[in-house]
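Participant: Take a look at the letters that make up each chain.
There are 2 protein chains.
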Amino acid sequence: MSGERRRDPTTGDWTTFATHRQDRTFLPPADQCPLCPTRDPEHPTEVPRAAYDFVVFDNKFPSLTADAPQPVAPPSGVYDVAPARGATEVIVYSDDHDLKLADMPAERLARLVDVWADRYAELGRRDEVAYVFVFENKGEAMGVTLHHPHGQVYAYPEIPPRPMRELTAALDHFAAQGTCVYCDVVARERVDGVRVVCGNESVVAYVPYWARYPYEVHVTMRRHAASLLDVTAPERLRLAEVLRAVLRAYDGLFGFPMPYVMSMHQAPTDDGQWQHVSHLHIELTPPHRTATKLKYLAGSELGGGAFVNDTVPERTAAELRAVLERDRAPRP
Amino acid sequence: MSGERRRDPTTGDWTTFATHRQDRTFLPPADQCPLCPTRDPEHPTEVPRAAYDFVVFDNKFPSLTADAPQPVAPPSGVYDVAPARGATEVIVYSDDHDLKLADMPAERLARLVDVWADRYAELGRRDEVAYVFVFENKGEAMGVTLHHPHGQVYAYPEIPPRPMRELTAALDHFAAQGTCVYCDVVARERVDGVRVVCGNESVVAYVPYWARYPYEVHVTMRRHAASLLDVTAPERLRLAEVLRAVLRAYDGLFGFPMPYVMSMHQAPTDDGQWQHVSHLHIELTPPHRTATKLKYLAGSELGGGAFVNDTVPERTAAELRAVLERDRAPRP
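Chain order of the listed sequences is A and B. Going by the numbering used here, the first residue of the first sequence is number -18, and it counts up by one from there. Going by the numbering used here, the first residue of the second sequence is number -18, and it counts up by one from there.
Heads up, a few of these hints could be off.
The list treats identical chains as interchangeable, and a pair is accepted whether it falls inside one copy or across any two copies.
20 Å max Cα-Cα, derived EDC-like pairs, lysine to aspartate or glutamate [unchecked claim]: (1) K81 <-> D34; (2) K41 <-> D291; (3) K41 <-> D252; (4) K41 <-> E70; (5) K274 <-> D76; (6) K81 <-> E222.
Hints were generated in silico from the structure; no laboratory data involved.
Model the full structure from these sequences, guided by the hints.
Facilitator: Rendered as structure tokens:
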């Protein structure tokens, strides 16, 4: 078996099998980093250049590929199998092994937003791709196997379960209210104010009213934009500014680089039927509940799908705001 | 804020807020274990007895309670809030601080199955309870805060997301095929055989065809039983035997006690409409992908809801079977 997807008939979800990944590179020392530039041609890295700005390449251990072969179908009805078609890309954020997103100038981060938009457009055009998912796993607590700052793009052959759940709920909301649920959430968060971490004229960041993780923050376009392709160049800079501020608040909160999962939710790429209910937002979910304790996903979350949060969104938002205010204060 | 649930309008899921839980007891030394019997009345534990068989009590740091007060409702439409009504119980498996499930005789484990059935029946009868969820988080890798072997029961005021997704898929399957999807899965796993870990005349354990975790095992009743209340005393012993064998295979696999989340899926308790599509099964999801490496849930799983598995179910099932065969072999 290699590169196949199997369907869970008891939920409808697909699992992707990528059995060559067990041997992938695991926390190499910094001087053997495969994402650093190739400074010595005798010892090439995965990037054959002496310097670079951003680099995008196919994951060396892909779980989805354009040409995954048709698997042997199971003989009878209850199970279903499909080729693991799609793409998995790596986006290296910089040739500096230590330059994480939070430490980049906003202008540079805005160019990364352009890279994300480019990958969304290009991968989304492929026949075998239905949904382009941009994300970053940061920190060993999130299972990161390479420290060099990088993100990933998975181009799935269908809309994955969590975005599909959001789209379905947004369709229901639209049918009942005639509005985009994210537009309504943004309006409400701005009126309430207590959960807002930061924002500008285009973008707002807040700990959602229903936060599942103590320091969960959503970075959302204020106006309805279904994907990065609807976001203008000035708005991309505004998005970068807000994202950067949130990441700096994270790193300042406990005094160490905060681990997190960052995931970007945009419109599916196969057809236009989702434009009115897709609303570009970035979900940041750090696992920490205190400086020394993690929130573990266990029985209630993994078995039940029901999250328990031990903190108050209004308070964690205030903590993150306080970090930004402290950093903005003039030094004595 | 205390003891409230807030609804995510972008998915329909509820988050439970339990803000007093940040200070809960965290990995105390064995001689201060709050789940051990009270051997010295001057130093009482949470169990006021010198010895016991099983103990069930309300979680000292509950996230759901019978009398959670009505929260202050948010002023406008997009957000919803509800009291965190329900129950969270702890089931201590034994007064022996070190007796884990895998090391209990099957007869004793069958009596624990009776305790689970009792809690399912009693909590399910309460007006404020719609779904009774029995689970165990085992091992520090799963965030366990007390080592004394114990499980938990959450009685939710509505059907939580993952069981609801299963029930919805099972309804769809029933509408299309006229059969219970779990009955069909059990039949298929028994015919295929390659993913079966062990079983007897009443119960079968298998790495599902679509396994999300490398060593995920489902322990499922062979005949249609909607909940433990439909399972006879002899069948409960058969269930205990199979569960015990799987847990022993886990512990033998890498030579250390395997961490896992165990969750039991049964019929919702509020009405009978789910009986034909609810099929009692226990899902075991250990986080290990090798002896030294964990499967981390990150971008694809948490942000996308899409699982990637680096192993082959047919192979991991064979590994678990080999442990059981080795243990059964006569010693030279």
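Participant: All hints, please: hold or fail.
Facilitator: We went through each hint and held it up to the structure:
Only within a single protomer do K81 and D34 lie at most 20 Å apart by alpha-carbon distance; the minimum there is 13 Å, versus 54 Å between protomers. For the identical chains of this complex, K41 and D291 are inter-copy neighbours only, at 14 Å across copies versus 39 Å inside a copy, given an alpha-carbon limit of 20 Å. Taking identical chains as interchangeable, the C-alpha atoms of K41 and D252 are never at most 20 Å apart, the minima being 30 Å within one chain and 51 Å between chains. In the homo-oligomer, the alpha carbons of K41 and E70 lie at most 20 Å apart inside one protomer (9 Å), although the nearest pairing across protomers, at 46 Å, exceeds that limit.
Taking the shortest alpha-carbon separations for K274 and D76, neither the intra-copy value of 32 Å nor the inter-copy value of 28 Å comes in at or below 20 Å. In this assembly of identical chains, the alpha carbons of K81 and E222 lie at most 20 Å apart only when taken from the same copy (15 Å versus 51 Å across copies).
Going through the hint list in order, the structure does not satisfy hints 3 and 5.
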